[in-house]
Amino acid sequence: MSIATPDRYTLTAISLHWLIFVLIACSFPLAVYMVDLPLSPQKLTYFSWHKWLGVSIFLLAIARLAWRLTHPAPALPATMPRWQQRAAAVNLVALYALILVIPLTGWLYSSATGVPTVYLGLVQLPDLLARDKALAEQLKWVHVTLNYTMLTLVIIHAAASFKHHFVDRDDVLTRMLPFVKPGGER
Amino acid sequence: MRSAASVLIAITGALLLQVATPAAALTVLYDKSRISCVSRQEKVPVEAQFKTFTAQIAFDPARPEAGKTQIEIDLDSFDIGFAEYNEDAKGKNWFDVRNFPRAKFVSTSMRALDGGRFEARGPLTIKGKTNEVIALFTYKEDAGIGVFNGAFAIKRLQYNIGEGVWKDTAVVADEVQIRFHIVVAIAKPAAKK
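Quick note, the sequences are listed as chains A and B, same order. For the first sequence, my numbering assigns the number 1 to the initial residue and increments by one for each residue that follows. For the second sequence, my numbering assigns the number 187 to the initial residue and increments by one for each residue that follows.
Just so you know, these hints were derived from the structure itself, not from any lab. Keep in mind that the hints are not guaranteed to be accurate.
For each label pair, taking beta carbons as the anchor points, the in silico distance ranges come out as [what the hints assert, rightly or not]:
| hint | chain 1 | residue 1 | chain 2 | residue 2 | range |
| --- | --- | --- | --- | --- | --- |
| 1 | B | R297 | A | C26 | 54 to 62 Å |
| 2 | A | Y119 | B | E318 | 52 to 60 Å |
| 3 | B | T294 | A | V22 | 36 to 44 Å |
| 4 | A | A97 | B | P247 | 56 to 64 Å |
| 5 | B | P247 | A | P29 | 56 to 64 Å |
| 6 | A | T45 | B | D265 | 39 to 47 Å |
| 7 | B | H367 | A | T45 | 41 to 49 Å |
| 8 | A | L125 | B | D360 | 18 to 26 Å |
| 9 | A | P126 | B | E270 | 22 to 30 Å |
| 10 | A | Y148 | B | P247 | 54 to 62 Å |
| 11 | B | L322 | A | L125 | 26 to 34 Å |
| 12 | A | W18 | B | K326 | 52 to 60 Å |
In silico DSS-like links for lysine-lysine, alpha-carbon gap of 30 Å or less [claimed, not checked]:
| hint | chain 1 | residue 1 | chain 2 | residue 2 |
| --- | --- | --- | --- | --- |
| 13 | B | K290 | B | K218 |
| 14 | A | K43 | B | K229 |
| 15 | B | K353 | A | K43 |
| 16 | B | K315 | A | K43 |
| 17 | B | K229 | A | K133 |
| 18 | B | K341 | A | K133 |
| 19 | B | K313 | A | K43 |
| 20 | A | K140 | B | K229 |
Note that the Cβ used here is the ideal one computed from N, Cα and C, for glycine as well.
Taking the hints into account, I'd like the entire structure generated from these sequences.
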């Protein structure tokens with residue numbers, strides 16, 4: 001397998017992709033659910049879990065970005081129109097940025113509310129900001145807005161991969177799937 | 187005889203008075219002072235402020251034993267930074283401010299410790315429950331202003347703070363840190379020798 005144009009993503013890249021996906025798929029709905037709950041011990045616990053998931057996503061995103069920068073991704077099919085290649089690249093860059101920036105805005109928001117983040121109940125992260133209610137409200141808006149932006153981009157990302165798989169019948173989707181042999185049956 | 191006795195009583199009285207003269211009451215600068223509590227919710231420390239309180243403080247660092255303090259905290263003024271939580275804190279499970287609007291501390295003794303620290307002991311009453319607490323603090327005077335800084339820990343369940351579902355200390359720890367930063371104006375700027 002040549003370094004310049006591998007056929008598939010590496011197992012590490014595939015693992016990080018799906019691990020981050022699963023964590024976001026837990027964290028996002030959990031957040032939407034928990035914010036409207038009446039105050040209860042359970043709600044506080046959910047907030048803690050949400051923050052732990054966010055920190056985990058952030059750490060994995062850094063690992064993933066580092067891996068991506070040192071391991072080229074397989075090329076898109078040459079048959080793809082240029083605008084689609086460009087759109088895919090822009091969407092990927094935006095998604096990479098969001099999985100890094102969204103946890104950061106959550107951390108900043110949490111700091112501004114005066115509630116520190118204690119990762120897994122073990123490690124207290126430093127507060128990046130002093131308590132500031134007005135700023136907290138703004139950061140909350142940014143955090144939520146970026147999340148729905150990400151959701152939109154993920155839907156486009158997933159829809160495009162299904163289109164590749166079911167319409168174009170190329171390997172753009174399968175090369176990111178674990179347990180699929182290169183050039184194997186689909 | 188009669189007059190000698192009265193002179194004796196007068197002298198004794200004067201002596202006693204001198205010994206027991208309480209320290210002068212200080213003027214608390216409320217806008218510079220702050221009383222807060224830090225609770226731990228699943229290891230996460232969260233500070234909340236009691237925005238309204240009254241304090242009568244008589245204190246002379248040279249004679250701390252003559253000091254006397256009474257602090258009353260308006261529990262309705264609890265602010266943890268979230269409107270929803272503040273509202274909940276006033277309810278029956280937490281402070282139950284309708285029935286117990288204030289927390290009260292009255293010092294029964296004050297004394298100096300090593301290292302420029304002092305301690306005040308006395309009963310603290312919250313939500314109808316009273317327990318003895320020992321508050322350690324420092325006191326510094328500068329430019330006509332005196333600053334008390336101190337803290338002590340209480341067990342919230344001893345005061346029934348956090349009942350029902352909130353009794354679980356795995357969520358909100360039993361121990362709560364009470365912090366105070368009280369600034370006073372000194373009538374006579376420190377010109378003692």
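How the hints compare with the structure:
1. R297/B / C26/A: 54 to 62 Å: holds (55 Å)
2. Y119/A / E318/B: 52 to 60 Å: Since the Cβ atoms of Y119/A and E318/B sit about 37 Å apart, the hinted range of 52 to 60 Å is violated.
3. T294/B / V22/A: 36 to 44 Å: violated (59 Å)
4. A97/A / P247/B: 56 to 64 Å: Holds, at about 57 Å.
5. P247/B / P29/A: 56 to 64 Å: Between P247/B and P29/A, where Cβ atoms are some 58 Å apart, the hint holds.
6. T45/A / D265/B: 39 to 47 Å: Given about 23 Å between the Cβ atoms, the range is violated.
7. H367/B / T45/A: 41 to 49 Å: With Cβ atoms ~32 Å apart, the hint is violated.
8. L125/A / D360/B: 18 to 26 Å: holds (24 Å)
9. P126/A / E270/B: 22 to 30 Å: Taking Cβ atoms as reference, P126/A and E270/B lie about 26 Å apart, which means the hint holds.
10. Y148/A / P247/B: 54 to 62 Å: Holds: the Cβ-Cβ distance is about 59 Å, inside 54 to 62 Å.
11. L322/B / L125/A: 26 to 34 Å: Hint holds: Cβ distance 29 Å, inside 26 to 34 Å.
12. W18/A / K326/B: 52 to 60 Å: holds (58 Å)
13. K290/B / K218/B: holds (20 Å)
14. K43/A / K229/B: Status holds; Cα separation ~15 Å.
15. K353/B / K43/A: holds (15 Å)
16. K315/B / K43/A: holds (29 Å)
17. K229/B / K133/A: holds (22 Å)
18. K341/B / K133/A: The given pair, whose Cα atoms are some 29 Å apart, holds under the 30 Å limit.
19. K313/B / K43/A: With Cα atoms ~25 Å apart, K313/B and K43/A stay inside 30 Å; holds.
20. K140/A / K229/B: Roughly 23 Å between the alpha carbons, so the hint for K140/A and K229/B holds.
Hints 2, 3, 6, 7 from the earlier list are contradicted by this structure; the remaining hints agree with it.
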